[in-house]
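K.L.:
Here are the chains, one letter per residue:
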Amino acid sequence: MSDYTADEMMTVAAARALTDGMTCFVGIGLPSAAANLARTTHAPNLVLVYESGTIGAKPGRLPLSIGDGILAQTADAVISVPEIFNYWLQPGRIDVGFLGAAQIDKYGNINTTVVGDYGHPSVRLPGAGGAPEIAASCKEVIVIVRQNRRTFVEKVDFVTSVGYGAGHGDRERLGLRGRGPRQVITDLGVLTPDPRTCEFTMTALFPGVAAGTVRERTGWDVAIAAAPQVLPPPSAAELAALRTLTASPPAR
Amino acid sequence: MSDYTADEMMTVAAARALTDGMTCFVGIGLPSAAANLARTTHAPNLVLVYESGTIGAKPGRLPLSIGDGILAQTADAVISVPEIFNYWLQPGRIDVGFLGAAQIDKYGNINTTVVGDYGHPSVRLPGAGGAPEIAASCKEVIVIVRQNRRTFVEKVDFVTSVGYGAGHGDRERLGLRGRGPRQVITDLGVLTPDPRTCEFTMTALFPGVAAGTVRERTGWDVAIAAAPQVLPPPSAAELAALRTLTASPPAR
Amino acid sequence: MAQIVSLAEAVSRAVRDGDTVAMEGFTHLIPFAAGHEVIRQRRRELTLMRMTPDLIYDQLIGAGCARKLIFSWGGNPGVGSLHRFRDAVEHGWPAPLEIEEHSHAGMANRYAAGAAGLPFAVLRGYNGTGLVTQTESIKQITCPFTGEQLTAVSAVNPDVAIIHAQRADRAGNVQLWGITGVQKEAVLSARRSIVTVEEIVASLDPRPNAVVLPSWTVSYVAHVPDGAHPSYALDYTVRDNDYYVAWDAIARDRETFGRWLDEQIYEVSAGSPA
Amino acid sequence: MAQIVSLAEAVSRAVRDGDTVAMEGFTHLIPFAAGHEVIRQRRRELTLMRMTPDLIYDQLIGAGCARKLIFSWGGNPGVGSLHRFRDAVEHGWPAPLEIEEHSHAGMANRYAAGAAGLPFAVLRGYNGTGLVTQTESIKQITCPFTGEQLTAVSAVNPDVAIIHAQRADRAGNVQLWGITGVQKEAVLSARRSIVTVEEIVASLDPRPNAVVLPSWTVSYVAHVPDGAHPSYALDYTVRDNDYYVAWDAIARDRETFGRWLDEQIYEVSAGSPA
Numbered sequence: 005m006s007d008y009t010a011d012e013m014m015t016v017a018a019a020r021a022l023t024d025g026m027t028c029f030v031g032i033g034l035p036s037a038a039a040n041l042a043r044t045t046h047a048p049n050l051v052l053v054y055e056s057g058t059i060g061a062k063p064g065r066l067p068l069s070i071g072d073g074i075l076a077q078t079a080d081a082v083i084s085v086p087e088i089f090n091y092w093l094q095p096g097r098i099d100v101g102f103l104g105a106a107q108i109d110k111y112g113n114i115n116t117t118v119v120g121d122y123g124h125p126s127v128r129l130p131g132a133g134g135a136p137e138i139a140a141s142c143k144e145v146i147v148i149v150r151q152n153r154r155t156f157v158e159k160v161d162f163v164t165s166v167g168y169g170a171g172h173g174d175r176e177r178l179g180l181r182g183r184g185p186r187q188v189i190t191d192l193g194v195l196t197p198d199p200r201t202c203e204f205t206m207t208a209l210f211p212g213v214a215a216g217t218v219r220e221r222t223g224w225d226v227a228i229a230a231a232p233q234v235l236p237p238p239s240a241a242e243l244a245a246l247r248t249l250t251a252s253p254p255a256r
Numbered sequence: 005m006s007d008y009t010a011d012e013m014m015t016v017a018a019a020r021a022l023t024d025g026m027t028c029f030v031g032i033g034l035p036s037a038a039a040n041l042a043r044t045t046h047a048p049n050l051v052l053v054y055e056s057g058t059i060g061a062k063p064g065r066l067p068l069s070i071g072d073g074i075l076a077q078t079a080d081a082v083i084s085v086p087e088i089f090n091y092w093l094q095p096g097r098i099d100v101g102f103l104g105a106a107q108i109d110k111y112g113n114i115n116t117t118v119v120g121d122y123g124h125p126s127v128r129l130p131g132a133g134g135a136p137e138i139a140a141s142c143k144e145v146i147v148i149v150r151q152n153r154r155t156f157v158e159k160v161d162f163v164t165s166v167g168y169g170a171g172h173g174d175r176e177r178l179g180l181r182g183r184g185p186r187q188v189i190t191d192l193g194v195l196t197p198d199p200r201t202c203e204f205t206m207t208a209l210f211p212g213v214a215a216g217t218v219r220e221r222t223g224w225d226v227a228i229a230a231a232p233q234v235l236p237p238p239s240a241a242e243l244a245a246l247r248t249l250t251a252s253p254p255a256r
Numbered sequence: 042m043a044q045i046v047s048l049a050e051a052v053s054r055a056v057r058d059g060d061t062v063a064m065e066g067f068t069h070l071i072p073f074a075a076g077h078e079v080i081r082q083r084r085r086e087l088t089l090m091r092m093t094p095d096l097i098y099d100q101l102i103g104a105g106c107a108r109k110l111i112f113s114w115g116g117n118p119g120v121g122s123l124h125r126f127r128d129a130v131e132h133g134w135p136a137p138l139e140i141e142e143h144s145h146a147g148m149a150n151r152y153a154a155g156a157a158g159l160p161f162a163v164l165r166g167y168n169g170t171g172l173v174t175q176t177e178s179i180k181q182i183t184c185p186f187t188g189e190q191l192t193a194v195s196a197v198n199p200d201v202a203i204i205h206a207q208r209a210d211r212a213g214n215v216q217l218w219g220i221t222g223v224q225k226e227a228v229l230s231a232r233r234s235i236v237t238v239e240e241i242v243a244s245l246d247p248r249p250n251a252v253v254l255p256s257w258t259v260s261y262v263a264h265v266p267d268g269a270h271p272s273y274a275l276d277y278t279v280r281d282n283d284y285y286v287a288w289d290a291i292a293r294d295r296e297t298f299g300r301w302l303d304e305q306i307y308e309v310s311a312g313s314p315a
Numbered sequence: 042m043a044q045i046v047s048l049a050e051a052v053s054r055a056v057r058d059g060d061t062v063a064m065e066g067f068t069h070l071i072p073f074a075a076g077h078e079v080i081r082q083r084r085r086e087l088t089l090m091r092m093t094p095d096l097i098y099d100q101l102i103g104a105g106c107a108r109k110l111i112f113s114w115g116g117n118p119g120v121g122s123l124h125r126f127r128d129a130v131e132h133g134w135p136a137p138l139e140i141e142e143h144s145h146a147g148m149a150n151r152y153a154a155g156a157a158g159l160p161f162a163v164l165r166g167y168n169g170t171g172l173v174t175q176t177e178s179i180k181q182i183t184c185p186f187t188g189e190q191l192t193a194v195s196a197v198n199p200d201v202a203i204i205h206a207q208r209a210d211r212a213g214n215v216q217l218w219g220i221t222g223v224q225k226e227a228v229l230s231a232r233r234s235i236v237t238v239e240e241i242v243a244s245l246d247p248r249p250n251a252v253v254l255p256s257w258t259v260s261y262v263a264h265v266p267d268g269a270h271p272s273y274a275l276d277y278t279v280r281d282n283d284y285y286v287a288w289d290a291i292a293r294d295r296e297t298f299g300r301w302l303d304e305q306i307y308e309v310s311a312g313s314p315a
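Top line first, the protein sequences correspond to chains A, B, C and D. For the first sequence, our numbering assigns the number 5 to the initial residue and increments by one for each residue that follows. For the second sequence, our numbering assigns the number 5 to the initial residue and increments by one for each residue that follows. For the third sequence, our numbering assigns the number 42 to the initial residue and increments by one for each residue that follows. For the fourth sequence, our numbering assigns the number 42 to the initial residue and increments by one for each residue that follows.
Treat the hints loosely; a few may be bogus.
Computed from the model, here is a short list of chain D residues facing chain B with C-beta under 8 Å [to be verified]: (1) 59; (2) 146; (3) 221.
Now the stretches of chain C that chain D is said to cover, found in silico as 3 or more residues with beta-carbon under 8 Å [claimed, not checked]: (4) 99-112; (5) 185-194.
Some residues of chain C that are not near chain A, with every Cβ distance over 10 Å (derived) [unchecked claim]: (6) 119; (7) 142; (8) 177; (9) 242; (10) 293; (11) 309.
Just so you know, these hints were derived from the structure itself, not from any lab. Glycine included, each C-beta is placed from N, C-alpha and C at the ideal position.
Using the sequences and the hints given, assemble the complete structure.
P.N.:
Next up, the structure:
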């Protein structure tokens, strides 16, 4: 077996998607790890924006919450929550937003609200948070989520955050100004939207992942690129940098 | 002749209208002098709010402009200009607002925009500034203006700030939530709105002012109270405090 | 002018059964001690409003104080579910919980509209999401200049806002800094307010990134050191991350939660750290 | 990322004939030196936008740079009229000046809407005033929840925003403090921006009441000490109140103004204090 975990592979793949100088709207968990990994390796001028109102935060260790003191203490600017959404996210100033998902469909629509019926849910999930507007307004979105049939579904039970809606042209029709999810990074590889239909297609695989595994772990009849790119495994340097970030005691 | 000027009398009369602990939206000139006079005499907890975004400013000398450094340096809070109007003035948090006027009519409507036709004015005045929303949203308004026929007119050439519109009930119809101008303080005395018609009536006079003078210097057929109150002249203490404020070099 | 009183007195005077209560603090400065006092005084039928219900509302909901929850993200940050919240929504325990659900942007704008004395706020948001059909307080609005379709959310004006801050002076002026979230808007949108503080000082020297709420905008100030625990007050206390992790097991089970409630809330007095 | 360049270069690159230009600064931090450089580079047909035109726009209007003025209060604060502004409106000299007139609250909200990427803002204002009938950018709007009639103002998104600030760091992050007015909104609403600063420092230590504009929101930073004169930069310079008084006589007469223009603007180089 490999000497890295699926989470590590996903985090490294997400970090690689970030280029220096980008602005990045970050949530806690893998997105925060990925953004900070990029910032401490190949993208030292990556601008991290947290929805708690910290712009340009430079935490030395991974924060455990979105409102950890270290974010305010290392930020270029600390502003109110209404301002972060109104002046910074909404007008499309942010290059990349990260989202997770409890369910995601083939058009990249995301559910983090309920499993089952809204009025009588079998599982009540946390809800929207900043996600709907991140999905709407960031110039592009990267989704990070483990791939399995419970999560990758034909139709989400509830649309919390819009990907491509019912397909090509729907974002424009809905007046969403960001370009939408450009990558879904999973523990099997990367899905990208078909340029014509906007349906997510498995276009890159992690080393050793078989097409059969992808089909087994996707709840729709997933398209797989004829010759999917094989993603290079995490380098020793990437792993070392990531483990330094995650091994530190959580920032207080 | 008296040993005080008309401006001093007006300023003292305005200061007397303020009670301790009130919040007061202040412009430069006589209003600022009056509010600071009140604060340094009978109303030490008067809260001065300037439209430049300074809340609770406590200048030791009269500022020359609404944005003098001393206002920010002595304020409880300094906020942005959008915030001062949206969170502080608009919701009706401010007890008293002061306004001046180039023209005022018998219903307390104020013009500070143009003399003559809007498209081809004979005199282009400075315009609205914060006045329309002060007039709309402060719990009450005090107007300070010298009384003469050029200023006290039957009909203002332009309504910059609404007093009682066309009379009783008009503020409610227009959705204005403050009570409107409760006093017009002039160099002759004080006009207050008739409780029934909202027409401004001369209800108080400075010592030695004759009814004939009031009529001579008012451009409409002004009502004068049967037994107008005679306002006490400025006390020695009031004059001394005012002259200390105004004699200081302007705040920088 | 704010009155400086005990926490028990502040809650007793400001919070009534049936009130709409907003306890705000975005991860930082969450007014836990005040929340516990509301539980202790057994307030009922509250409409609880908060962007991130967090442990504080998990506790109030589990204790049976709430009739309705208005919120935008209901999880235990970095840990997982809020089990008392889920139990109320999924199984109606200890009582059914009506919910009114928004996004963060929507909730932030609802507070801002409330603070500004407007009946609604406008944003780009919600288009295409399921929230629109589930939530009455979201509607379409047309730009009168461009014809563009945008989203309106109704303002909120809670009966009481409760926040925690680092300091107040003896006149009741309040100062908070670091991540200040939506607290200014919460207080300015509310009819009454309670601020618990780490410290009461003679005068407030200016601080970077500080928000000042003048005394005349606040109803009650109570001196409650560590009143944000297990959240934190920057420059005074640190976030008790272990508590957030430990809460998962406490809240997962109704009985364990009940014991916590007895031992940590009902049997201790106001303002004690939980 | 902001580029640090000379003032002449910043104006030459950012300001084009026909642009809509917002130079903001509410009494404090007015970007006079940049305004003078715009005159010096003989930009024409500008739409000038500013809450308080002040001396800076009196000078630009008198110099023939402006086609249109968008504003809310056009006086010489504490002194009297802006004579060049009046001459343009009353007599069309040196050229007719189209005006679009608002209240302060309206202008502040127009910038805020522009900064927020919205096409309009909502406020309680203008009802019953003559401004409504003279200004296309004011319209009624109905609250979709309460039916209440409110006022909408259209957003502004100037081609260029120009402000003066106390400091920038070498990466182009900008910091201003004291009365910060509507400058953040002006810069965030604009397509391009120029910030003149008193000082360029290695790093920006946090300051009370400071606004920080990250480098990536600013186009050009120019080092122009005393670049706000006769306005001021708190903690660096003081307001030249005498200049404001003296301006009255200079501006009152076309010839005196013309001499001022020659001697103080055209015959001196960029960034010199006027």
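K.L.:
Would you mind marking each hint as holding or not holding in the structure?
P.N.:
Okay, the hints, checked on the actual structure:
A least Cβ separation of about 24 Å between residue 59(D) and chain B goes past the 8 Å threshold, and the interface hint is therefore violated. This hint holds: residue 146(D) has a C-beta 4 Å from the nearest C-beta of chain B, less than the 8 Å allowed. Nearest Cβ of chain B to the Cβ of residue 221(D): about 6 Å, under the 8 Å cut. The hint holds. Counting residues of the segment 99-112 of chain C whose beta carbon lies closer than 8 Å to any beta carbon of chain D gives 0, which falls below the threshold of three, so the coverage claim is violated.
Given a C-beta distance limit of less than 8 Å, the hint that chain D covers the segment 185-194 of chain C holds, as 6 residues qualify and 3 suffice. A Cβ of chain A approaches the Cβ of residue 119(C) within 10 Å, the least distance being about 5 Å, so the stated non-interface status is violated. For residue 142(C), the condition that its CB be more than 10 Å from all CB atoms of chain A is violated, with the nearest at approximately 6 Å. Taking the minimum C-beta to C-beta distance to chain A, about 14 Å, the non-interface status of residue 177(C) holds against the 10 Å cut.
Residue-level check passed: residue 242(C) sits 21 Å from the nearest beta carbon of chain A, beyond 10 Å. Non-interface status of residue 293(C) relative to chain A is upheld: no Cβ of that chain comes within 10 Å, the nearest being about 14 Å off. The beta carbon of residue 309(C) sits about 25 Å from the closest Cβ of chain A, which is more than 10 Å, so the claim that it is off the interface holds.
The structure fails to meet hints 1, 4, 6 and 7 from the earlier list, while all remaining hints are met.
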